[in-house]
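Trainee: Could you slot chain B onto chain A? The hints should help.
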Amino acid sequence: MSLPPIEEIYPGIRSRYNERVYSVFEPDVHGPPSLISKQIIVQNYCPKISVTSTRIVDAVASSLGLGTFLELLGYFEHSLIQQDAGSNSVGAGTPPLRLNVRFFKPLQEQLKEQEQSLKLRRGSSGGTGGTGSSMATLSGSGFLNQKFTSTELYSLTVLDNYVNDYIKTIDSRIKKCQMEDTSGSKLDVTLLHNSIYLNFLTKLISSTTVSPFECFNHPIIQLFVISATDDIDTVRDLLIGWKNYDFPNWIDLESILELVLIIVDKDVPEDLQKGLRLQEELKLAMGIKSSITPIYIPKEMDQTTETITLFPPMYAHVDDDLARVGNNTGNSIHIPKNTFEVLFVQLQEIIYKTMIPYMEKKIRIWTEEVVTPRKSFTGRFFSASKKWGASSSSSSSASSASTTKKSFFSFGSSSNEKEEASSSSSFNSSEGYYNATSQEMTIRRLGDWHLMLRDYKGSFTTYELIKKDFIGDKAYAYLSSLQEFMIISLLIGASNKLNPLDRLPSSSTTTGGITTKIITDVINPLVDSTYYSYLSRCNLKTYTIRLTLITAELFFALGQSTAMIFNSNKSPNLHLVSPDTYYNESLKLFKKLLDSKLLDTSPNAKLMERIACIYHNYDKPLISPPMEKSESSYYETENANKLSEPDLCNLGRSRNRKAMMWLLLAAKELDPVSKPIQVQILVRCIESNLLSDNSNSLWLYREDGLLSKLKQSLEG
Amino acid sequence: MSYYFTIIGTNDTPIYELEIGTYKQSGDGKPNFPIEIKEIQQFIVNASLDILQDVQFKSNQIFTKNLDSFYGYQIYSFLTQGNCKFLISTNAKNHDESIRQFFIEINELYVKNLLSPFYNLNDPIRSTGFDSRVRMLAKKYL
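Protein chains in written order, with the UniProt record's numbering: chain A, 1 to 716; chain B, 1 to 142.
It cannot be assumed that every hint is accurate.
[Claimed, not checked] Taking beta-carbon pairs under 8 Å as the criterion, some of the chain B residues facing chain A (in silico):
hint, residue
1, N11
2, T13
3, P14
4, Y16
5, E39
6, I40
7, Q42
8, A47
9, L49
10, D50
11, Q53
12, D54
13, F57
14, Q61
15, I104
16, D131
[Stated by the list, open to error] Quick list of in silico lysine-lysine cross-link-like pairs, DSBU-like style, CA-CA up to 35 Å:
hint, chain 1, residue 1, chain 2, residue 2
17, A, K168, B, K58
18, A, K468, A, K457
19, A, K620, B, K58
Simulated from the structure, these hints should not be mistaken for lab results. Built from N, CA and C at the ideal position, the CB exists for glycine as well.
Extracted from the complex, chain B is given alone in its bound form:
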């Protein structure tokens, strides 16, 4: 099971990306996307933004499971209050709740990052601290 996680800024451009595998079920945490999916991964996620834009004003939920799917890969999404989007594309099944928890914690991290005086909205997040914390969360939940 592999996960592709990305944070999309308010202008629909990515500000953080991570490809990670599961540590559960004796996984080693390395992603193993097939090449056909890997080369269009960005397009799959980008395409799901269309659906997200459609549903985000129709319901009051901020977490959407099965937002979109592409040949066995499900897209999960989470909307922050500032219209920033967290998206996960994965082939893992029945991990809705853990993905939701992961998003909630990421949101906290993101907000803390946003508070930094050296960070502007929609800038790419290059902080190594942020990255290692995200990885830890992924290890914990995914």
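The following block holds chain A by itself, in its conformation from the complex:
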């Protein structure tokens, strides 16, 4: 009996992009190529669409075997990701060719859930809880007034369970593959083994948590999906319910585009008429534009219907994934091909014809309204005057918005006086958030939108504008998040210029990447201060993990890309930093994350494996100029004591022995009793490395050594 394809377990395992990467980097059991992890990071920061649907529409989804329409849309995320084959468009302002989106539950529900988990967290840490105690110790630092308003990205215990469950699934599949023992199954084992890390990375960085200090999870579009058979009152209730909901002040409803999608059953002729009527009514009664999608709704799935297989969303929240596993709903669903095509085209239209133009328009408006005045000379002058003028009032009471002492330097600002007064104290320090309409948040949103549209230069320069404001207001959560994304923009921007998948311009001088000076002077201090700020000032563990992991991965991606380009391009115009510099930075961060003890054993073991993978890649690709073998003399052939000449080109570049040590540590952390298959893979990896090493490795197999202990417990 043939096994189901491995895509059932990890959908993106053989995506078009991954295939392109694997054509450059051979699949290796040590770990997936860093370009794949980079793509996961890039795609994680995509625009979000929150979806609200009526009961009738949900019933359509249930006829396809799903609970809600949102779930159905979730299954389209993967198809959108598949379209992105990773071609970079670096130019500012030009949208990338293909963009993925993620579908979220309605904002109200999300906020309610967060509130509940926050209550639980406060309750579990005893009344005022851990946050209270951390506030007390920080009295006088400005944090005292900051109320705890932010939720973690996910629960760390749930994540650990998830990783363990996933490893179990992979192990049972690997066992079956090992029985087959063909070359194809060997490749499958490698890919499956690598998918554990990729999945773990995806879950560690993605989340649905809406936070006040970053806008990535604030939806760009609020999509209302209604059916043609819905009456106007239901739709009105839906829309009014959304508009009248008491959203917190840090959510800017004005930047969320409302869209209505009317689903029409293709098989029912009068449905289209109803849909058109509803569309007209909506336009007249509420002034809302809507679009109609006639889809084929299957009443009964029979054998003759041509179906298409869809996979669950890669970036789904850990809880959702666990729920799916718990419900035994399986991974993939089959829906009729024509239903898929119509909906997919509609989604693409929403993304490319509505969302992206909307985002670009907003970006233009915000740039003109907020960024240009700040950048101009007069703007800078007045902002300085504002700072000096407002300092006396802000130090005495930051929350008093109305008390603005007029300084000498505030002359000439009379026309904007009101606006200036409000913006000078837009940070609500008693509650710890910025108002969504404040200048700072508009700029932050602008930066985030730049990043979502993959304009990393634009996002970096935008973020830079407000850094000082956040420092001045002592808004540490805002500052840490801002700095985190400054680092991300810088690193992704740099590594996009050095993409081994793209053809490099051979004639021009290539100085892509970032210099050692930028790393030591800009990135490292930013990472350190952000790490401290997230962990100690804000007590946000998951954000700390995300920061460290993303930065480390991006450094690794830079290193691997640089090494690849070094090897393929021998042009004298190439001025690049040695890949070792990037590898070292990456290793430092991975070890920092390990030492922070924020993660449990299985995730830690995966981090150790990643460290081993970096060490393993130190000398890859090998420099191999055609070495002319001189005819060996008598001394070399007959004299056993003669030193053999090593491969001089690659001498000292390899870190394979380091990689072996970290693999061993990872195997120990994984525990041979509970996860024998994983440990077996790692031990085999170590042994194959030992075999390729010419030296005698008997001393590494000592009886009291870890390697033989692991082997014994595997055999036992």
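Mentor: Below, chain B alone, put in the same frame as chain A:
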């Protein structure tokens, strides 16, 4: 404070090993490595050979302090003229100079051992005389 000392032959295999504790600061000379370190001690030292291979042609020094480190354990190395390596892994701090002296004396012992007509290059050193002399040196310097 404990020391793990090993001599690595030219083919990167060990030819002599010694685990010893300090006699200074009222130590009894017995090593007390924690079990987590003891079971991967060989791997730690083996891994540092990668770094040594990298740095040995970049600088003209034969003694390298802080060649590598692993959770509080520092690796010191000494290269002989014949590309044989002496390595020490220890948790002792600020003993650079005494470790260097120790290596220099060991080098002398090693060269004398090499002169023996009954000893071939890269063979394990099984001589008890050598061992007791190394222990004496360790007592003196470490």
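Trainee: Does each hint fit the structure? Answer for all of them.
Mentor: Consistency of the hints with the structure:
{"no.": "1", "hint": "N11", "verdict": "holds (5 Å)"}
{"no.": "2", "hint": "T13", "verdict": "holds (4 Å)"}
{"no.": "3", "hint": "P14", "verdict": "holds (5 Å)"}
{"no.": "4", "hint": "Y16", "verdict": "violated (11 Å)"}
{"no.": "5", "hint": "E39", "verdict": "holds (4 Å)"}
{"no.": "6", "hint": "I40", "verdict": "holds (5 Å)"}
{"no.": "7", "hint": "Q42", "verdict": "holds (5 Å)"}
{"no.": "8", "hint": "A47", "verdict": "holds (4 Å)"}
{"no.": "9", "hint": "L49", "verdict": "holds (6 Å)"}
{"no.": "10", "hint": "D50", "verdict": "holds (5 Å)"}
{"no.": "11", "hint": "Q53", "verdict": "holds (5 Å)"}
{"no.": "12", "hint": "D54", "verdict": "holds (4 Å)"}
{"no.": "13", "hint": "F57", "verdict": "holds (7 Å)"}
{"no.": "14", "hint": "Q61", "verdict": "violated (15 Å)"}
{"no.": "15", "hint": "I104", "verdict": "violated (23 Å)"}
{"no.": "16", "hint": "D131", "verdict": "violated (17 Å)"}
{"no.": "17", "hint": "A:K168 x B:K58", "verdict": "violated (47 Å)"}
{"no.": "18", "hint": "A:K468 x A:K457", "verdict": "holds (19 Å)"}
{"no.": "19", "hint": "A:K620 x B:K58", "verdict": "holds (20 Å)"}
Of the hints listed earlier, those the structure fails to meet are numbers 4, 14, 15, 16 and 17, in rising order.
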